[in-house]
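Asks: Below, each chain spelled out in residue letters.
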Amino acid sequence: MGGLFTETFVASLLFGAVTVGIPLLLAGLGEQISEKSGVLNIGIEGMMLIGAYGGFVAAYYTGSFWLGFLAGGISGMVVASLMVLFCVILSMNQIVIGIALTIGAEGLTALLHHFQFSRSYPRLSEAPSLDIPGLNDIPVIGPAFFERHPLVYLSILLVVFVAWLFRRTHIGLNLQAAGDNPAALDAAGVDVKLTRAGAVLTTGMLAGIGGAFMANVGAGIFVPFMIHGAGFIGIVLAMLARGNPYWVLLGAALFGASLALTTALQVAGLNIPTDVVQMLPFAMVIVVLVLFARHSYLPPSLALPYHRGER
Amino acid sequence: MTARPGEVVSSVSRVLVPIVLALVVGGLILLALGKDPLAYYDYVLQRGLFSWSGFQQTVIRSAPLLLIASGLIVAFRAGIWNLGVDGQFLLAAVAAAALAPLLITSLPSWLTIVICCAVSILVAMAWSLVPAFLKAQYGLNEIVTTLMMTFLGISFANVLVKLPFDDPDNSVPQTMTLPVADRLGRLFDTTIHSGIIIALLAVFAVHFVMTRTAFGLRLQIVGANPRAAKHAGMSVGRLTYATFALSAGLAGLGGAVEILGVWGTMRADWNPAYGLLVVPLVFLARFNGIAVIGFTLFFAILMIGGESASRRLGVPNFYVLVLVALLLIFLALVEYLDHISRQRKKA
Chain S
0 MGGLFTETFV ASLLFGAVTV GIPLLLAGLG EQISEKSGVL NIGIEGMMLI
50 GAYGGFVAAY YTGSFWLGFL AGGISGMVVA SLMVLFCVIL SMNQIVIGIA
100 LTIGAEGLTA LLHHFQFSRS YPRLSEAPSL DIPGLNDIPV IGPAFFERHP
150 LVYLSILLVV FVAWLFRRTH IGLNLQAAGD NPAALDAAGV DVKLTRAGAV
200 LTTGMLAGIG GAFMANVGAG IFVPFMIHGA GFIGIVLAML ARGNPYWVLL
250 GAALFGASLA LTTALQVAGL NIPTDVVQML PFAMVIVVLV LFARHSYLPP
300 SLALPYHRGE R
Chain F
0 MTARPGEVVS SVSRVLVPIV LALVVGGLIL LALGKDPLAY YDYVLQRGLF
50 SWSGFQQTVI RSAPLLLIAS GLIVAFRAGI WNLGVDGQFL LAAVAAAALA
100 PLLITSLPSW LTIVICCAVS ILVAMAWSLV PAFLKAQYGL NEIVTTLMMT
150 FLGISFANVL VKLPFDDPDN SVPQTMTLPV ADRLGRLFDT TIHSGIIIAL
200 LAVFAVHFVM TRTAFGLRLQ IVGANPRAAK HAGMSVGRLT YATFALSAGL
250 AGLGGAVEIL GVWGTMRADW NPAYGLLVVP LVFLARFNGI AVIGFTLFFA
300 ILMIGGESAS RRLGVPNFYV LVLVALLLIF LALVEYLDHI SRQRKKA
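As you go down the protein sequences, you meet chains S and F in turn.
Under numbering that gives the first Met the number 0, think of the first position of the first sequence as 0, with each following residue one higher.
Under numbering that gives the first Met the number 0, think of the first position of the second sequence as 0, with each following residue one higher.
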């Protein structure tokens, strides 16, 4: 193994970790916002998938990556608005609707892809990058972190912004109250359903952008079922992060690295079956959960609809 | 307790309304994609129900679906969301496919089948151990953990089929094949294998255990109110393990039956992913083991008919996923409206 950790190996590992980690980060942050407000968003996998399809189609026909991300975010919000309608406004079962949205998104995107592209899988050109002068010349780290699409930088900044939002603003406090003690928030004169609706829509937007990133930047193509559990990993990240966005960032980086390890090992010429590689992230999730399950935290009112005056 | 006519009507409509709405909205989606929904549904019925070979296929498909459904009934009644049945099903299938061709060389076929089923059940149970542990020990939400175990299981099953259990005499990565003569016996003159009998027995057994025994009652109490169960002196942790084991074991038996009855071998990348599709059927049946038989048959018609429709009418079978999603949404909607109207009556 000594010869394995060459400069190219580490460089491709880091580069891949960022590429794979960004969608996980966006999904994890989105899920965190949703869960904080008391909505368990199992449908996030579906939001990412629809975002990936919408984002890919937009980028494919307009040639603009920004329009792709915009379309991805809007597509995710469309799915999220269904979740708002069913789970926040109508107080229907969050788990059933979450499963339904995920299955429905799988079926719908596969159908749409079939009717739009038949059996062809058109490829996008490589995503344009914004080079950070000076920093991008650093060997190994430079290409991985400082020669990326601007959305990568924005996503990292988003972590700081969400942390600030949670700790320093009324919006953050309201979100937390909606999950911890919705009745108290209601008594304070803040609309619980509106707070939760905003949270879920934000989740949908972030998940959709994350999905679009996966399709447009990560893969360059759209393949049905391509999210393959990334949304669910986002839920795990949110569960373990105990409401702290920086932990989501750390988790996304770790999982991103473990996912990228496969590609990097293959680049290094090691012959590992792809199936073993695909097991890695999920095996890691399970190990992490067994080790840190004690520390996971979910708000008391999670997955419970709020009815005024009901106990 | 006899049901009043009004209650019968409302419980029938609670079931029919979601199905009809899902078929109608699904039809509108087909229309939007430029396909004739009536022709599609007609074709599905022709091929899935009214043709003799299609009907036999429908019954054959019902066997694994029913076993998964009975596993889900146990879990859902006990308040546990075992969404990892696909992983449990697949690994059990691998076990049966790997073991059966080896055993058959020295054992009679009935004994081979019994041993394979038993091992499959144990494998599936083992695969549910981690989520069960995390739930029982730390109260960790099982939805996420069981889903993760399924993603892990899909890839793990492929690794097993491609590496240790690969049949060297076959260029396609797959396990050795159990000869047709040694598979589950056929019923009378049909192509239907006896797995459907196993599945029906399992459904009846689950229904009996859940509704007529003290053990079933305990599971239901844990499901309805874990804190009350704890106060009543029940070992919630142990019951959680028992629920996972039973639920996964039944799904695993489904995997064994599908291999020993239909395929005789397991190919790499084979993953029918029945698990989540069965969830709405179990809800439609309101966790009732007898009712779930009818819904499973209905759904099997849709699947078998849909598979031939995808070849003939150019509507990919992914459409069934859309229908399942719509079913779930309308089920939840009807449930919600029902809840509202009952509250109005109370107030």
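Bear in mind the hints are in silico, worked out from the structure with no lab data behind them.
Hints may contain errors.
Said to hold, decoys possible - Label pairs and their in silico Cβ distance ranges:
no. : chain 1 : residue 1 : chain 2 : residue 2 : range
1   : S       : Thr-273   : F       : Asp-168   : 35 to 41 Å
2   : F       : Asn-287   : S       : Leu-290   : 39 to 45 Å
3   : S       : Trp-65    : F       : Thr-190   : 42 to 48 Å
4   : F       : Ala-223   : S       : Asp-179   : 54 to 60 Å
5   : F       : Ser-50    : S       : Ser-128   : 53 to 59 Å
6   : F       : Arg-266   : S       : Arg-118   : 50 to 56 Å
7   : F       : Ser-9     : S       : Arg-293   : 44 to 50 Å
8   : F       : Arg-266   : S       : His-169   : 39 to 45 Å
9   : S       : Thr-273   : F       : Ala-223   : 54 to 60 Å
10  : S       : Ile-155   : F       : Ser-9     : 40 to 46 Å
To be verified - Below, a list of computed lysine to any residue pairs in the SDA-like style, where the Cα atoms sit at most 20 Å apart:
no. : chain 1 : residue 1 : chain 2 : residue 2
11  : F       : Lys-34    : S       : Ala-109
12  : F       : Lys-161   : S       : Gln-265
13  : F       : Lys-34    : S       : Ser-117
14  : F       : Lys-345   : S       : Pro-138
15  : F       : Lys-34    : S       : His-113
16  : F       : Lys-34    : S       : Pro-272
17  : F       : Lys-161   : S       : Asn-270
18  : F       : Lys-229   : F       : Tyr-137
19  : F       : Lys-34    : S       : Gln-115
20  : F       : Lys-161   : S       : Val-275
21  : F       : Lys-161   : S       : Leu-269
22  : F       : Lys-34    : S       : Leu-111
23  : F       : Lys-161   : S       : Leu-111
24  : S       : Lys-192   : F       : Tyr-137
25  : F       : Lys-161   : S       : Pro-272
26  : F       : Lys-161   : S       : Ser-117
27  : S       : Lys-192   : S       : Phe-114
28  : F       : Lys-344   : S       : Ser-90
29  : F       : Lys-34    : S       : Phe-114
Claimed, not checked - Which residues of chain F face chain S? A partial, calculated answer using Cβ under 7 Å:
no. : residue
30  : Leu-128
31  : Leu-146
32  : Ser-154
33  : Val-171
34  : Met-175
35  : Pro-315
36  : Phe-317
37  : Leu-327
38  : Val-333
39  : Tyr-335
40  : Leu-336
Since we're looking at a predicted model, the values are computed, not measured.
Idealized CB from N, CA, C, for every residue including glycine.
Asks: Confirm or reject each hint.
Replies: Right, here's what the structure says about each hint:
The beta-carbon spacing between S:Thr-273 and F:Asp-168, approximately 24 Å, falls outside the hinted interval of 35 to 41 Å. Distance hint check: the CB atoms of F:Asn-287 and S:Leu-290 are about 40 Å apart, consistent with the given range 39 to 45 Å. For S:Trp-65 paired with F:Thr-190, a C-beta distance near 56 Å fails the hint of 42 to 48 Å. A C-beta distance of roughly 25 Å is found between F:Ala-223 and S:Asp-179, which places it outside the suggested range of 54 to 60 Å.
For F:Ser-50 and S:Ser-128, the hinted distance range of 53 to 59 Å is satisfied, since their beta carbons lie about 57 Å from each other. Restraint check, F:Arg-266 to S:Arg-118: a C-beta distance of roughly 21 Å breaks the suggested window 50 to 56 Å. The beta-carbon spacing between F:Ser-9 and S:Arg-293, approximately 46 Å, falls within the hinted interval of 44 to 50 Å. With their beta carbons about 57 Å apart, F:Arg-266 and S:His-169 fall outside the hinted range of 39 to 45 Å.
Between S:Thr-273 and F:Ala-223 the CB atoms are about 44 Å apart, so this pair departs from the stated range of 54 to 60 Å. Between S:Ile-155 and F:Ser-9 the Cβ separation comes to about 54 Å, which falls outside the hinted range of 40 to 46 Å. Distance check on the hinted pair: F:Lys-34 and S:Ala-109 sit about 16 Å apart at the alpha-carbon level, within 20 Å; holds. The suggested pairing of F:Lys-161 with S:Gln-265 holds, with an alpha-carbon distance near 18 Å, which does not exceed 20 Å.
The suggested pairing of F:Lys-34 with S:Ser-117 holds, with an alpha-carbon distance near 15 Å, which does not exceed 20 Å. Annotation: proposed proximity of F:Lys-345 to S:Pro-138 is violated, straight-line Cα distance about 71 Å (limit 20 Å). Proposed proximity of F:Lys-34 and S:His-113 is supported: the alpha carbons are some 13 Å apart, at most 20 Å. For the given pair, F:Lys-34 sits about 40 Å from S:Pro-272 by alpha-carbon distance, which is inconsistent with the 20 Å threshold.
Distance check on the hinted pair: F:Lys-161 and S:Asn-270 sit about 14 Å apart at the alpha-carbon level, within 20 Å; holds. This hinted pair checks out: F:Lys-229 and F:Tyr-137 have alpha carbons roughly 15 Å apart, not beyond 20 Å. A hinted pair counts as satisfied when its Cα atoms are at most 20 Å apart, and F:Lys-34 with S:Gln-115 qualifies at roughly 14 Å. For the suggested pair F:Lys-161 and S:Val-275, the alpha carbons sit about 11 Å apart, so the restraint of at most 20 Å is met.
The hinted pair formed by F:Lys-161 and S:Leu-269 meets the criterion: a straight-line CA distance of about 18 Å does not exceed 20 Å. For the proposed pair F:Lys-34 and S:Leu-111, the alpha carbon gap of about 13 Å is at most 20 Å, so the pair holds. The suggested pairing of F:Lys-161 with S:Leu-111 is violated, with an alpha-carbon distance near 32 Å, which exceeds 20 Å. With a C-alpha separation of about 30 Å, the suggested pair S:Lys-192 and F:Tyr-137 falls outside the 20 Å cut-off, and the hint is violated.
Distance hint between F:Lys-161 and S:Pro-272 is fulfilled; the C-alpha atoms sit about 9 Å from each other, no more than 20 Å. Only pairs whose Cα atoms come within 20 Å are accepted, and F:Lys-161 paired with S:Ser-117 is rejected, the gap being roughly 30 Å. Proximity of S:Lys-192 to S:Phe-114 is assessed by CA-CA distance (about 38 Å); at most 20 Å being required, the pair is judged violated. A C-alpha spacing of about 19 Å is found between F:Lys-344 and S:Ser-90, which places the hinted pair at or below 20 Å, so the restraint holds.
With a CA separation close to 11 Å, the supplied pair F:Lys-34 and S:Phe-114 stays within the 20 Å bound. For F:Leu-128, the suggested interface contact is broken, since its CB lies about 11 Å from the closest CB of chain S, more than 7 Å. Against a cut-off of 7 Å between C-beta atoms, the interface hint on F:Leu-146 holds, since the closest Cβ of chain S lies about 5 Å away. The interface hint given for F:Ser-154 holds, since its Cβ lies 4 Å from the closest Cβ of chain S, which is under the 7 Å cut-off.
Contact between F:Val-171 and chain S, as hinted, is not supported at the beta carbon level, the nearest pair being about 15 Å apart and thus beyond 7 Å. With a least beta-carbon distance of about 19 Å to chain S, the hint placing F:Met-175 at the interface is violated under the 7 Å criterion. Because the closest C-beta pair between F:Pro-315 and chain S is about 5 Å apart, less than 7 Å, the hint holds. Hint status for F:Phe-317: holds, given a least beta-carbon distance of 4 Å to chain S, under 7 Å.
Taken as an interface hint, F:Leu-327 checks out: its beta carbon lies about 4 Å from the nearest beta carbon of chain S, inside 7 Å. The beta carbon of F:Val-333 comes no nearer than 10 Å to any beta carbon in chain S, farther than 7 Å, and the hint placing it at the interface is violated. For F:Tyr-335, the interface hint holds, since its Cβ comes within 7 Å of a Cβ in chain S; the closest pair sits about 5 Å apart. The interface hint given for F:Leu-336 is violated, since its Cβ lies 9 Å from the closest Cβ of chain S, which is over the 7 Å cut-off.
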